[in-house]
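Chemist: Add chain B to chain A, keeping to what the hints say.
Same order as they appear, the protein sequences are chains A and B. Sequence positions in the first sequence follow the working numbering and run 1 to 151. Sequence positions in the second sequence follow the working numbering and run 152 to 302.
Treat each hint with caution, since some may be false.
[Stated by the list, open to error] Result set (DSS-like, lysine-lysine): computed pairs, CA atoms no more than 30 Å apart in a straight line:
hint: 1; chain 1: B; residue 1: Lys-182; chain 2: A; residue 2: Lys-31
hint: 2; chain 1: B; residue 1: Lys-244; chain 2: A; residue 2: Lys-31
hint: 3; chain 1: A; residue 1: Lys-93; chain 2: A; residue 2: Lys-31
hint: 4; chain 1: A; residue 1: Lys-93; chain 2: B; residue 2: Lys-182
hint: 5; chain 1: B; residue 1: Lys-182; chain 2: B; residue 2: Lys-244
[As the list claims (entries may be wrong)] Chain B regions said to be covered by chain A (calculated; three or more residues, Cβ under 8 Å):
hint: 6; region: 156-163
hint: 7; region: 210-223
hint: 8; region: 234-242
In case anyone wonders, no lab produced these hints; they're calculated from the structure. The beta carbon of each residue, even a glycine, is placed where N, CA and C say it ideally should be.
Okay, here's what each chain looks like letter by letter:
Number of protein chains: 2
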Amino acid sequence: MRYWEDFAVGDTASFGRYEVTRDEVIDFARKYDPQPFHLSDDAAASTHFGRLAASGWHTTAMTMAMNVAYLQGDAGESAGLGAAGIDELRWLKPVYPGDTLRCETRIEETRASNSRPDMGSVRSRMTVLNQNDAPVMSFVAIGLYRRSPQS
Amino acid sequence: MRYWEDFAVGDTASFGRYEVTRDEVIDFARKYDPQPFHLSDDAAASTHFGRLAASGWHTTAMTMAMNVAYLQGDAGESAGLGAAGIDELRWLKPVYPGDTLRCETRIEETRASNSRPDMGSVRSRMTVLNQNDAPVMSFVAIGLYRRSPQS
Numbered sequence: 001m002r003y004w005e006d007f008a009v010g011d012t013a014s015f016g017r018y019e020v021t022r023d024e025v026i027d028f029a030r031k032y033d034p035q036p037f038h039l040s041d042d043a044a045a046s047t048h049f050g051r052l053a054a055s056g057w058h059t060t061a062m063t064m065a066m067n068v069a070y071l072q073g074d075a076g077e078s079a080g081l082g083a084a085g086i087d088e089l090r091w092l093k094p095v096y097p098g099d100t101l102r103c104e105t106r107i108e109e110t111r112a113s114n115s116r117p118d119m120g121s122v123r124s125r126m127t128v129l130n131q132n133d134a135p136v137m138s139f140v141a142i143g144l145y146r147r148s149p150q151s
Numbered sequence: 152m153r154y155w156e157d158f159a160v161g162d163t164a165s166f167g168r169y170e171v172t173r174d175e176v177i178d179f180a181r182k183y184d185p186q187p188f189h190l191s192d193d194a195a196a197s198t199h200f201g202r203l204a205a206s207g208w209h210t211t212a213m214t215m216a217m218n219v220a221y222l223q224g225d226a227g228e229s230a231g232l233g234a235a236g237i238d239e240l241r242w243l244k245p246v247y248p249g250d251t252l253r254c255e256t257r258i259e260e261t262r263a264s265n266s267r268p269d270m271g272s273v274r275s276r277m278t279v280l281n282q283n284d285a286p287v288m289s290f291v292a293i294g295l296y297r298r299s300p301q302s
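Same shape as in the complex, but just chain A:
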């Protein structure tokens, strides 16, 4: 079990593989972000996207899918208490159908809680890259973890 004490600034991880499909881009956009450039190539042609592009919130959702698969698999069990929030989320490049996304993370800060001696926070920089190794999105996730019972 990985507790708050087991995370260190500078730790990195690389994981995930998500193939972005046209059907899924349109399905997400219809439900949650029905702006024309997320629904059809024709509507996107006259915008800076140039062709059908995924909603930025779809990219966050696909990233979460990769993250959960990693946390439930290779990352091993952790004493995670969920995420408090996200800082500095930036959409850097469009995500298109046919792209394949992956994740790189690096821990930027760990902090013991002042108010809750049994927990601490971990700030991790998430970078999502496409098949050309171009970053398409970046954010800092603030994760909460239980402290080790031995500490």
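Modeler: Relative to chain A, chain B alone:
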């Protein structure tokens, strides 16, 4: 047409109504955030959620749905160039099936672009509230807008 010059610090808006359903919470979680407490009441009972709760990324998606409906309707046409990113996203309270969400926004800062004299940015605080007027999520959206041709 609303250009960057037409947004002022302190401007507020209140809009949206989104009924959160059990089927949609589970459907989103299966695709993008299959942690047990987003999939079943039983699994959530032993967590701080207490019962089935929506993925935080589902809440951002539902918020975008309300925002797009507002922008395509009552807000009137604007010279928007999309969002650069999001700061200070915080999930404040669980969102449960049966909740009804709504949005309140307030402009916190407007800034002309140094590098692009034809555009500017607008920082807006988005607060999402449930049917009890309790804030469930908050973030600052960084929107980009064209400047007025008259300015």
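Chemist: For each hint, tell me whether it holds in the structure or not.
Modeler: Now the hints, each set against the structure:
For the proposed pair B/Lys-182 and A/Lys-31, the alpha carbon gap of about 14 Å is at most 30 Å, so the pair holds. Straight-line distance between C-alpha atoms of B/Lys-244 and A/Lys-31 comes to about 23 Å, which keeps the hinted pair within the 30 Å bound. Only pairs whose Cα atoms come within 30 Å are accepted, and A/Lys-93 paired with A/Lys-31 is accepted, the gap being roughly 22 Å. Straight-line distance between C-alpha atoms of A/Lys-93 and B/Lys-182 comes to about 23 Å, which keeps the hinted pair within the 30 Å bound.
The hinted pair formed by B/Lys-182 and B/Lys-244 meets the criterion: a straight-line CA distance of about 22 Å does not exceed 30 Å. With a cut-off of 8 Å between beta carbons, the region 156-163 of chain B has 0 residues touching chain A; three or more are needed, and the interface restraint is violated. Coverage of a stretch by a chain is defined here by at least three residues with a beta carbon nearer than 8 Å to that chain's beta carbons; for the region 210-223 of chain B and chain A the count is 7, and the condition holds. A stretch counts as covered by a chain when three or more of its residues have a beta carbon under 8 Å from one of that chain; for the region 234-242 of chain B and chain A the count is 9, and the coverage holds.
Hint violations for this structure: number 6 only, all remaining hints satisfied.
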